[in-house]
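Protein chains: 2
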Amino acid sequence: MSHNTAEINRQLRKSGYRVTPQRQLILDAVCQLGDHVTPEAVYDHVHRIAPTLSRATVYRVLHFLTEQQILAMVHIADGRLAYEMAGPEPHHHLVCRTCDSLLELPHSVLLSFRLAMESQYDFEIDVSHLSFFGHCTDCRSSAGA
Amino acid sequence: MSHNTAEINRQLRKSGYRVTPQRQLILDAVCQLGDHVTPEAVYDHVHRIAPTLSRATVYRVLHFLTEQQILAMVHIADGRLAYEMAGPEPHHHLVCRTCDSLLELPHSVLLSFRLAMESQYDFEIDVSHLSFFGHCTDCRSSAGA
DNA sequence: TAGTTTGTTGTAAATTTTTGCAACAAGAAA
DNA sequence: TTTCTTGTTGCAAAAATTTACAACAAACTA
Ligand SMILES: [Mn+2]
Ligand SMILES: [Mn+2]
Ligand SMILES: [Zn+2]
Ligand SMILES: [Zn+2]
Chain A
4 MSHNTAEINR
14 QLRKSGYRVT
24 PQRQLILDAV
34 CQLGDHVTPE
44 AVYDHVHRIA
54 PTLSRATVYR
64 VLHFLTEQQI
74 LAMVHIADGR
84 LAYEMAGPEP
94 HHHLVCRTCD
104 SLLELPHSVL
114 LSFRLAMESQ
124 YDFEIDVSHL
134 SFFGHCTDCR
144 SSAGA
Chain B
4 MSHNTAEINR
14 QLRKSGYRVT
24 PQRQLILDAV
34 CQLGDHVTPE
44 AVYDHVHRIA
54 PTLSRATVYR
64 VLHFLTEQQI
74 LAMVHIADGR
84 LAYEMAGPEP
94 HHHLVCRTCD
104 SLLELPHSVL
114 LSFRLAMESQ
124 YDFEIDVSHL
134 SFFGHCTDCR
144 SSAGA
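Chains A and B, in that order, give the protein sequences.
Numbering follows the numbering used here, with no gaps: position 142 of the first sequence is 145.
Numbering follows the numbering used here, with no gaps: position 58 of the second sequence is 61.
Don't take every hint at face value.
[Stated by the list, open to error] Among the chain A residues that face chain B by a calculated CB cut under 10 Å, a handful are: (1) Ile73; (2) Asp129; (3) Leu133.
[As the list claims (entries may be wrong)] Partial chain B-side listing against chain A, Cβ under 7 Å, derived: (4) Gly82; (5) Leu106; (6) Glu107; (7) Phe116; (8) Phe126; (9) Ile128; (10) Phe136; (11) His138.
[As the list claims (entries may be wrong)] Quick look at which bits of chain B chain A covers, simulated, 3 or more residues with Cβ under 8 Å: (12) 11-17; (13) 83-97; (14) 139-145.
Bear in mind the hints are in silico, worked out from the structure with no lab data behind them.
Just so we're clear, the structure is a prediction, and the values are computed from it rather than from any experiment.
Even for Gly, the Cβ is constructed at its ideal location relative to N, Cα and C.
Use the sequences and the hints to build the structure in full.
Right under this line is the structure:
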């Protein structure tokens with residue numbers, strides 16, 4: 004568990020929300036399971052600990068924690084959603100379609116793109132966590148062999 | 004109907020696939036319904052014309068035509084998928100989270116980003132149709148009022 | 001045109017995700 | 001600690017999406 008529980012709880016209560024055992028379990032699960040955790044993986048994990056915790060709650064809490072910017076959501080292949088802790092440093096990913104490897108990109112890689120959209124279209128892009136799909140070095144060289 | 008039916012049919016047959024009435028109906032539907040068409044909208048449309056055409060076929064054909072690059076897929080809000088004709092000119096979108104307005108971006112806006120990823124990470128990004136969410140001019144000014 | 005091959009569809013069931021609603025319980029107040 | 005308010009949960013049903021499989025039919029061949 005690497006997240007600041009006390010700080011998060013304070014933030015939630017301050018906004019009029021409640022800190023429930025379900026929310027804590029689900030947050031811990033995402034934190035432990037790592038990057039790009041699917042709702043089903045979260046459910047499997049928490050269900051072992053709290054068998055009555057329902058799938059509906061998993062989906063609701065993941066959505067809720069994302070709204071609160073405690074989690075970050077990401078589109079993964081096939082249009083599915085996954086989640087991970089929203090660190091203080093937003094980031095993006097390069098995901099290889101062949102080997103599923105994951106490269107982390109600093110948030111800044113999109114800065115110039117965002118500025119361009121602001122100046123050209125007066126549109127304020129709001130991106131906190133994108134995945135770009137493609138092919139990594141290794142897979143490109145082995146495919147060409 | 005603004006797509007080249009004959010050319011598409013030829014392309015499919017050449018690859019060993021078949022041109023079925025279902026595929027033609029679904030393609031026509033996407034073409035007529037416009038940008039960012041949801042599977043449900045397609046189903047509603049084609050079901051009126053061919054009541055036995057099933058939902059499963061709609062999902063399957065949308066996925067299939069996307070693989071064949073005849074349709075383009077796009078993530079819309081909430082992690083849902085939508086489809087549209089894949090024109091010869093790939094493009095992207097700026098989608099306003101407040102008024103749902105849609106701005107079309109030329110494919111070239113991401114060119115420098117893609118080149119940067121290639122030189123910095125040796126990763127070949129494969130993007131044909133992205134949507135960036137945010138807030139347009141109008142909605143930003145009225146929110147500040 | 002009739003026969004053959006095999007890609008495709010419809011059906012039904014399995015999964016996944018969302019939603020309504022009554023019971024519950026976190027946190028504030030007394 | 002007890003009471004009260006109302007945000008949250010579990011359940012069950014609805015809705016959305018995927019999948020297995022037998023029947024079907026598009027395209028090829030004779
Ligand atoms: Mn990430
Ligand atoms: Mn588009
Ligand atoms: Zn790879
Ligand atoms: Zn707007």
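Going through the hints against the structure:
1. Ile73: At about 18 Å, which exceeds the 10 Å cut-off, the nearest Cβ of chain B leaves the hint on Ile73(A) violated.
2. Asp129: holds, 4 Å
3. Leu133: Since the shortest Cβ distance to chain B is 8 Å, the answer is holds.
4. Gly82: holds, 4 Å
5. Leu106: holds, 6 Å
6. Glu107: Since the shortest Cβ distance to chain A is 10 Å, the answer is violated.
7. Phe116: This hint holds: Phe116(B) lies near chain A, its Cβ roughly 6 Å from the closest one there, short of 7 Å.
8. Phe126: holds, 5 Å
9. Ile128: holds, 4 Å
10. Phe136: holds, 6 Å
11. His138: With a closest approach of 5 Å, the His138(B) hint holds.
12. 11-17: violated (count 0)
13. 83-97: holds (count 3)
14. 139-145: With 3 residues close enough to chain A, the hint holds.
The earlier numbered hints that this structure contradicts are 1, 6 and 12.
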